[in-house]
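Take a look at the letters that make up each chain.
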Amino acid sequence: MTSRDPAQPQRRVDRAGIVIAALLAGLAAVLVWDARGLQSTSMYGMGPEAMPVVVATGLALLAIGNFIDALRGNLPARESADPLPVLLILIGLALLIAIIGFGGGFILATAALFVTTSAAFGRRAIVVDSIIALVMSSLIYLAFDRLLTLSLPAGPLERLL
Amino acid sequence: MMDTFAALAHGMAVAVQPMNLLYALIGVFLGTAVGVLPGIGPALTVALLLPVTYKLDPGGSLIMFAGIYYGGMYGGSTTAILINTPGESASMATALEGNKMAKAGRGGPALATSAIGSFVAGTIATIGLAFLAPWLVDFAVRFGPEDYFALMCVAFVTVSATFGDSPIRGLTSLFIGLTLGLVGIDKLTGQARLAFGVPELLDGVEVTTLAVGLFAVGEALYVASRRHHTEEKLEPVRGSLWMTKEDWKRSWKPWLRGTMFGFPIGALPAGGAEIPTFLSYSTEKRLTKHPEEFGKGAIEGVAGPEAANNASAAGTLVPLLTLGLPTSATAAMMLAGFQQYGLNPGPLLFAERPDLVWGLIASLFIANCMLLVLNLPLVGLWVRLLAIPQPWLYAGILVFATMGTIAAKPSVVELSMLAGFGVLGFLMRRFDFPIAPVVVGLILGPIAESQLRRALAISLGDPVTLLQSPISATLLGIALVALLAPFVLKGLGRFKANED
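Chains as they are written, first to last, in the numbering used here: chain A, 30 to 190; chain B, 264 to 763.
Because the hints were derived from the structure by calculation, they are not lab data. Don't take each hint at face value.
Here are some, though not all, of the chain A residues that point toward chain B, as calculated from beta-carbon distances under 10 Å [stated by the list, open to error]:
| hint | residue |
| --- | --- |
| 1 | L67 |
| 2 | Q68 |
| 3 | P112 |
| 4 | P114 |
| 5 | F150 |
| 6 | S180 |
Keep in mind it's a predicted model, so treat the numbers as computed, not measured. All C-beta atoms, glycine included, are put in the ideal place defined by N, C-alpha and C.
Please build the complete structure, drawing on both the sequences and the hints.
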């Protein structure tokens, strides 16, 4: 069967929908697997393992529902997406996590995120953006760490301030 | 009745202390400034500004919150009118007519009618809140655990299934939230669930991490992925800011009607300001003397929905404060604000900390007045904020969003969760799953579970207890009807389509 039938333009199996259904089913399985390790200690009523099983049942039913929707092609239409900017922002987040994790401090970490995000939105002036990012992050650090006394992680740059 | 006046007067006395007035002013200012940024709705505004209030005492922080909440709403409508990117579905009706007015050079009156309408609606609805809340509290004191559980079932269903596009996708979102709510140590037995041996997960999933991830990071990823589709255009505010006599004449009735739609629907544990705003829009379209202007920039179409939006925002505070029941993403964030001080809204809070609750309610009045005075003169400043180039805007939003998490818990696990929730939010936007049910599920899931377990422990494990209490039986019935209604209606719709 081809999907050229003009009366049913939307009736095509939606692969992404199938993946979503599979993920939900997988999540349900994880819940049940995790709940098996719990001991029911309460004499009456529900133990800690009851709710995960209830949620897992719901997820399994919803996996079936999503699967049927995907087979029928009932998902709403999607516009094309550009993966590159998404990837750039994710790289920025990864950099941020790495810099914080290795003690690089707040200013460097957020500056890295700022520059990659700005690039993801089409800016190519990396040097200018880096300077803006460093100045802004330093100001935020001073405002929140010194004025509002929130403790933000300190690295080499923060110790200079 | 007199008790309410006395309590409110007491609250006013708390709210007008100079320090608290300053907090309200800062809240209003920050809320508007962040809310005005495109793509940022009130829920995210509150989530982003939570860290600012970390170090304040509960009273001052909640007062600042009231200002942020109302400020975020005002800011959102400015964005909707001037660049037609509503930050939330509740401003969609405003964007419909308001942006057309701005294009026709009547942006000033559109902003004015939305600001004054929000003030009128916010004030009336806050009065409604002040009088309805004590009455509901009296009622809620009699609630047993099974009644609370049933009430939460109603909220789960109405938030996720009843009013969305697809009940299946709404419920899927809800169950993702419920799953996240299971993570961490079970409070009754001390056993770890879904922690996979990671110590950071034992405390459970932080509401702010989830909300900021889903809303801020998810939104940034989504906008970046489809940057090639949209061309945002900022309409300059031309001409007079002020409304003419004619504008006033055409606005005041829609304000009042919008309030009448917004407050009661917002106060029901059904959530969402979309329904009242669209009801108001269609009503004004039907009643107007200028039907030819609708779709081209009719002032009634801005005045009514804006009033409805604000009135329902105050309405959602009724179930939040009296029952601890958040019915919108914004209310869920407010609840997170309470929880960071270990406060649980509900009848007990009214009895134990009346100064806090009534101080908050009184601050809502004050925030509303401040916004009216601040907003119109400062509109030039807000417009300049809107003109920030998109790359810097979203880069700044992400920096600020991660800062909240870094300040709260500077751990690799927490930040990875933030990034993970960002990806989840991106995928949910892309595949059209609603976001708010996830947040509501995370917050209410654990509460519903503990209420249910308490009820079953009291009844020695007999589930019939859920149906023996008349309140709980009624509420569960409502939940069932609300769950099945969309499927039945959809079936009917299909049946009709086959008939044609």
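- [ ] Sort out which numbered hints this structure fails and list those numbers smallest first.
- [x] none
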